[in-house]
Amino acid sequence: MIHLAGPYLLAAVLAGLGTYGVLARRNAVLVLIGVELVLNAATLLLVAVGASAGDRWAAGNVLTLFVITIAAAEVCVALAVVLAVFRMRGDVDLSEPRS
Amino acid sequence: MTGLDLAFAAVGAIAAASGLLAVTTRHVVHAALWLVVCLGSVAGCYLVLGAELVALVQVLVYVGAVVVLVLFALMLTRAPIGPRAEISTSPLHRTLAAVLGAGVTALLASVLLPLAHPVDRHETDTSVLSRELFGTWVWPFEVLSLLLLVALVAALAVSRVGTSREEGA
Numbered sequence: 001m002i003h004l005a006g007p008y009l010l011a012a013v014l015a016g017l018g019t020y021g022v023l024a025r026r027n028a029v030l031v032l033i034g035v036e037l038v039l040n041a042a043t044l045l046l047v048a049v050g051a052s053a054g055d056r057w058a059a060g061n062v063l064t065l066f067v068i069t070i071a072a073a074e075v076c077v078a079l080a081v082v083l084a085v086f087r088m089r090g091d092v093d094l095s096e097p098r099s
Numbered sequence: 001m002t003g004l005d006l007a008f009a010a011v012g013a014i015a016a017a018s019g020l021l022a023v024t025t026r027h028v029v030h031a032a033l034w035l036v037v038c039l040g041s042v043a044g045c046y047l048v049l050g051a052e053l054v055a056l057v058q059v060l061v062y063v064g065a066v067v068v069l070v071l072f073a074l075m076l077t078r079a080p081i082g083p084r085a086e087i088s089t090s091p092l093h094r095t096l097a098a099v100l101g102a103g104v105t106a107l108l109a110s111v112l113l114p115l116a117h118p119v120d121r122h123e124t125d126t127s128v129l130s131r132e133l134f135g136t137w138v139w140p141f142e143v144l145s146l147l148l149l150v151a152l153v154a155a156l157a158v159s160r161v162g163t164s165r166e167e168g169a
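If you read the protein sequences in the order shown, they are chains Y and P.
According to the UniProt record's numbering, the first sequence is numbered sequentially starting from 1.
According to the UniProt record's numbering, the second sequence is numbered sequentially starting from 1.
One chain only, chain Y, in its complex shape:
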């Protein structure tokens, strides 16, 4: 027996922390860390629902694997963009827009 309040609460906390991280960071790479936390909140919710049985086709676990893969692809492209920005501007500070 496991009570689902724990996973649900942790998912809510991780989503809130990720939102804070996205909004409170100026370094573009650190903004990505916030995005990762939000994605982990979503996957934790999927696994928690999968653990409570009754999901057909093992959907909770399979969709978590898919989300992890998509997150890897997203980080790959996002870091390429960050590197291109760094090469053109000399820094990755998001709060100082320049032409």
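Bear in mind the hints are in silico, worked out from the structure with no lab data behind them.
For clarity, every value in this text was computed on a predicted model and none was experimentally measured.
Positions of the beta carbon are idealized from the N, C-alpha and C atoms, including for glycine.
Among the hints, erroneous ones may be present.
Facing chain Y, according to a computed beta carbon distance under 10 Å, are these residues of chain P, among others [stated by the list, open to error]:
#1 20
#2 35
#3 37
#4 45
#5 76
#6 81
#7 84
#8 105
#9 121
Add chain P to chain Y, keeping to what the hints say.
Just chain P, lined up with the frame of chain Y:
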């Protein structure tokens, strides 16, 4: 309160604390390293919830690949060593961000917690999971491999933006 609940509370507390440190620390590299602890303990949460394969993939892909990519990006963008205040926004922005983050947490918790109830943990067997993955889900799986290829090519193309301009191509 069963043993599983206690185990989940332990790893969940580590995940929440290290996640908080990852978004608040003033050391750029420490943020990435706290992210390792956070993602690793989320993998522990998956183990407690009975999803072994997902926990292993979390460790392999997230801790192994994504965090290494983040660390590489930090190094390539000449991340400063030591505590720096300028990696975060101003105190006013941070206060607003904290209010919004707390609001997200409160909203999600108020929606989800009334739905929570004790359940018999349903362990997903790896053989069952792989049969579903390569049976029911095989086409999404193939499309996902295509997505990875496109992301790889796009990353190469985007990272060449600055260089091709200098060459005048």
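TODO: Of all the hints given earlier, name the ones this structure violates by number, lowest first.
DONE: Per hint list: 3, 6 violated.
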